[in-house]
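**Q** Take these sequences, add in the hints, and give me the full structure.
Protein chains in written order, with numbering that gives the first Met the number 0: chain A, 0 to 343; chain B, 0 to 343; chain C, 0 to 343; chain D, 0 to 343.
Where hints are given, some of them may not hold.
One copy or two, either will do: identical chains are not told apart, so a pair holds if it fits within one copy or between any two.
The list that follows gives simulated cross-link-like pairs (lysine-lysine, BS3-like), each with its CA atoms no further than 27 Å apart [as the list claims (entries may be wrong)]:
| hint | residue 1 | residue 2 |
| --- | --- | --- |
| 1 | K3 | K340 |
| 2 | K167 | K255 |
| 3 | K255 | K160 |
| 4 | K14 | K313 |
| 5 | K45 | K340 |
| 6 | K313 | K134 |
| 7 | K255 | K266 |
| 8 | K313 | K87 |
| 9 | K136 | K255 |
| 10 | K83 | K313 |
| 11 | K45 | K167 |
Just so you know, the hints here were simulated from the structure itself, not pulled from any lab data. Nothing here was measured: the structure is a model prediction, and the numbers come from that model.
Number of protein chains: 4
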Amino acid sequence: MVVKVGIVGLGRLGKIHAENLSKKIYNCELIAATSIVDEELNWAQKELGVKYLYHDFDEMIANDEVDAIFIVSPSSFHPDQVVKALNKNKHVFSEKPLGLSVEDIQEILPVINSSSNKFMLGFMRRFDDSYRYAKEKVDAGEIGDITLIRCYSIDPSDGMKSFVNFAKNSNSGGIFSDMSIHDIDVIRWFLNSEDSGVNRVWSLGNNVAYPVLNDLNELETGAAMLQLTDDKIGMLVAGRNAAHGYHVETEIIGTKGTLRIAATPEKNLVQVMNSSGVVRPTSQNFPERFQQAFMSEEQYFIDAISNDTEIEIKAEDGLYATQVAIALQESYDSNEIINIKGGQ
Amino acid sequence: MVVKVGIVGLGRLGKIHAENLSKKIYNCELIAATSIVDEELNWAQKELGVKYLYHDFDEMIANDEVDAIFIVSPSSFHPDQVVKALNKNKHVFSEKPLGLSVEDIQEILPVINSSSNKFMLGFMRRFDDSYRYAKEKVDAGEIGDITLIRCYSIDPSDGMKSFVNFAKNSNSGGIFSDMSIHDIDVIRWFLNSEDSGVNRVWSLGNNVAYPVLNDLNELETGAAMLQLTDDKIGMLVAGRNAAHGYHVETEIIGTKGTLRIAATPEKNLVQVMNSSGVVRPTSQNFPERFQQAFMSEEQYFIDAISNDTEIEIKAEDGLYATQVAIALQESYDSNEIINIKGGQ
Amino acid sequence: MVVKVGIVGLGRLGKIHAENLSKKIYNCELIAATSIVDEELNWAQKELGVKYLYHDFDEMIANDEVDAIFIVSPSSFHPDQVVKALNKNKHVFSEKPLGLSVEDIQEILPVINSSSNKFMLGFMRRFDDSYRYAKEKVDAGEIGDITLIRCYSIDPSDGMKSFVNFAKNSNSGGIFSDMSIHDIDVIRWFLNSEDSGVNRVWSLGNNVAYPVLNDLNELETGAAMLQLTDDKIGMLVAGRNAAHGYHVETEIIGTKGTLRIAATPEKNLVQVMNSSGVVRPTSQNFPERFQQAFMSEEQYFIDAISNDTEIEIKAEDGLYATQVAIALQESYDSNEIINIKGGQ
Amino acid sequence: MVVKVGIVGLGRLGKIHAENLSKKIYNCELIAATSIVDEELNWAQKELGVKYLYHDFDEMIANDEVDAIFIVSPSSFHPDQVVKALNKNKHVFSEKPLGLSVEDIQEILPVINSSSNKFMLGFMRRFDDSYRYAKEKVDAGEIGDITLIRCYSIDPSDGMKSFVNFAKNSNSGGIFSDMSIHDIDVIRWFLNSEDSGVNRVWSLGNNVAYPVLNDLNELETGAAMLQLTDDKIGMLVAGRNAAHGYHVETEIIGTKGTLRIAATPEKNLVQVMNSSGVVRPTSQNFPERFQQAFMSEEQYFIDAISNDTEIEIKAEDGLYATQVAIALQESYDSNEIINIKGGQ
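**A** This is the structure:
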């Protein structure tokens, strides 16, 4: 069965999904796209041959030919669009976050969980080959019991100027919601947590190179320590100013060994020896680093529809990730430890 | 335009091509397959939905629906099948080698070169992201002029037993034709050679762990030194017994820097720290190592047909690679330096 | 001028100092040793040719031939022995910590600072070639302004059993005083802090593999986050259970780049490729990892005496390191943020 | 017993030996030095406190206080000075090569071997910690039987100009005698060869960046392939133009694993992440790379005298290394395979 997909949002990430769904995903056809930007719709039509083009999301989901919706719109639209699409009997893939507040997400959980359609949240790291390899090793007990997980999510310096401009006009949700949400999900995934998995958090932050961010209530660098279930420890660094590129790293320390995923974000298998020393070139941005992961998550979602198989990522995963991310921001704002509701 | 493809040969590599062409390549449909093994045809039908199944190559190329042929049959069939398919007005992708002897290849060159159809040889390393990155850097002058190229192609130890069995009944063509042919092409590619690029060669070899190979006239480890055009130097190691996996490495030494591609065959971005030390897991076989390269070469071929663009790899590339590989074997057999015809 | 040295304490670290001072340090002669263990004194006499052997520290410092004292006794003796030796007109090198409490150290600071003799504390990391290289790069501005420093100090698993036995009878001072004190000094050193450099701290810990440590009030793994001067961030991990060896790592994130020192504790320049993958062997213990640093700090101290040059490490460095370490433990005990006295 | 040493030659390497012998070697005193350069003698006197200074080697060896001689003079003087010193009842350490021709060395072998004094040749790589670690692993069978050894010895580019000037006035002996002689010894050492261990060789070379070297009969890059005993394979690269520093690398391929020593010449344990990517700084010259090896070989020689123990490196090791190096040059000059006398 070929799954016919409509997409909403054709920004940077939207274009990646759209192109993959059109050209690289098996049993999938991208037939519809919604955007308020005409250039984006033109691009979808010309480059990808998308048949149905909309300015209005509601019109797209009224199209009976469409089986599934990819939601890649601004975060504030996610809860509403998820509900509407499910109610129109579409399968739904939504980019993170599921919502901007815990309340918003809690409100739509019943709709998602009672729907007979598929729902999936775009925690693509779970589909990255390196993360999957590590998860298998951990689940197989190769590093014993986990004692500490450390996660870095640092955007490249060359995106800093555009971020400052963005932050002048928009609300990123803060660095922890914007950057660390994937890390929170990764921690919960490795620990097989059924709830947030977090008891208490403390966050710090600074703006050393870009003090202008102080006025915008944004952070260049954030960090947090998390007291997890069973006194396991989480450490997070989120940043927007990595000189060497896009640095997403995860370390899992266990009682019998330690795993590091992308300790350095090597772009490929090339080593350059020149007057700088021995150099490994690095991934420069998330599309480059997670190219394979995006394709794998898309294929996973399409296959789950085709084969009617269960999707591993639940709406609750989105709820807990957002709950913790918001607590991290609250801790930074107050410079105090925050207890997570439902934590031990 | 969707290109409709027929494939001949559904062994290990044939299955990889078939699956990619069915599921992962854009603008491509795999509609026909030829094999003498019924199980393989059943697999193609059930798993990939291939419509037309043949025991006979000639029947497949008589099918007018088929636009292009992938030749993944045993090497000795390549020249004949290439000619037949071109004569039936098909575009042709052939796995290496183009032929087992220089004469065989020279005989079919005029057919290939006078055909208006596309022809491409499966030198997939040219499509590997790491090799392409290195090629761009070299072409951009980042390491100055090339002085020496070193290439390793070493198969994993765990394939050794099956190779010994294979060698008892079949002729691999010798380790240099079997393993080093990609390396010869890589050297010519980096040097932008128009002819073989090689003047003189000397080859050595041994069977230390598997002396049984002596009787089979095969080598566990081969090595060669090549005097290239302008006194540049080539060094080759070919092997069948790498304990750590599938080791394909290329080093390019230049006057301003050195590049190494896959100095160690890292499987992914994971680092394991355990009682062994700090471990990088390694690729275990060619399908794993060159997964992306196979897909890229397939897409390149399909796009060349769709868009009628020129294919960078020429039949002559197959001719020169085979010419040098045969000279390497001849040198090993005689334990003397061999001069390459047409060398300076 | 040859400096004549007496040493107190001939345990594991004492023996390292004694052997270096005897055989490897220029302008230095080890002439005296104090221990309550006769075997250790016999070793010093036979292996190192030490002339004067004592059971009593006071007798050793009464020996007028002795110019300088190395204090490698149990930590609780440090303050008293430092004062006594200075009062006997000896130059003094003391292992860390300078004292077990802030008060103990504050009491002896005037004696140290008013003495005309040399005093040095054994923060040997400042003499490790890799740390020195990193410090020079940071001071030269190569990574811009520091935003975050992360330090790991993790002992090898194979010392765990003996630690459990030790902890049953003795007080290590807690993992933060025992293990993180070097990290605290490293942070202060990189930030050129004049005071503790730390405002607030929060510590966590767990005993996953060795729950027996719960009863002993010790930790297998500790972690802490530090709010430093100017909102810079410190992150610490201390542990006793690294499967791969002795893991001391420091990362310095700056606005223009990041430095990592010993991201993996490579033992030498050897790479092993075997069925495990690509393996870098690792340092197994502190004598192996810091062999060069111990010799350099010893030579530095002897040279400072010979040439009457100022010693970079001050008694205050010991005071602040202990102050922070104690706050870390206090935070762990209370599971609350602790404000450091004198912090902003 | 303290060994009293005299040194001849205070050039770059001579100064390293002199300083170590004065300050860092146990049971050793540098009391005499011979040089024709007054500045060098002044340096020895002032910086190292050397008592006896000579312009004439014969005078130095007539000094009865001197127990042992370090020969660090130009290579052509080595055989004569070795014999004279032994005849004056001195222990002798000689830098490589033992002589410029096989005949020269054969002539002095009886003198060396019949002397009751110690003799040692400066193959310092055998004392480098990384090489020793690898040797132990190989001897313990961890990589099975050796099939191939590859050695690189490449000097840094920044020495190129001074080499060109040197070559205009002097004879380096050719790149193989100058650079590869250590590699030949390393191969023989790993294979535990009793004779040269080499049957046939073929050498190539080029001058790509510095064609001026063509006229001087020197090479910027040399390479060779060696057919060793039992068909094992040797591959050598010698060069003078490494952009990234001083590159001495050895790879040992075995039937059960592969070892690489200094695959990249990491200077320390620091990793730099900046706009170039992830950078490991590299050793820039031989004093930096082999600092520890020089000290260990010196201490080994002094200890062998003190304790009257046998020295592992024999004069024959010098003979065979020179024999092969000369054959490599002869092969390059003739562009033909050269058979080594005494090879199988």
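**Q** Which numbered conditions among the earlier hints are violated in the structure presented, ordered from lowest to highest?
**A** 1, 5, 11
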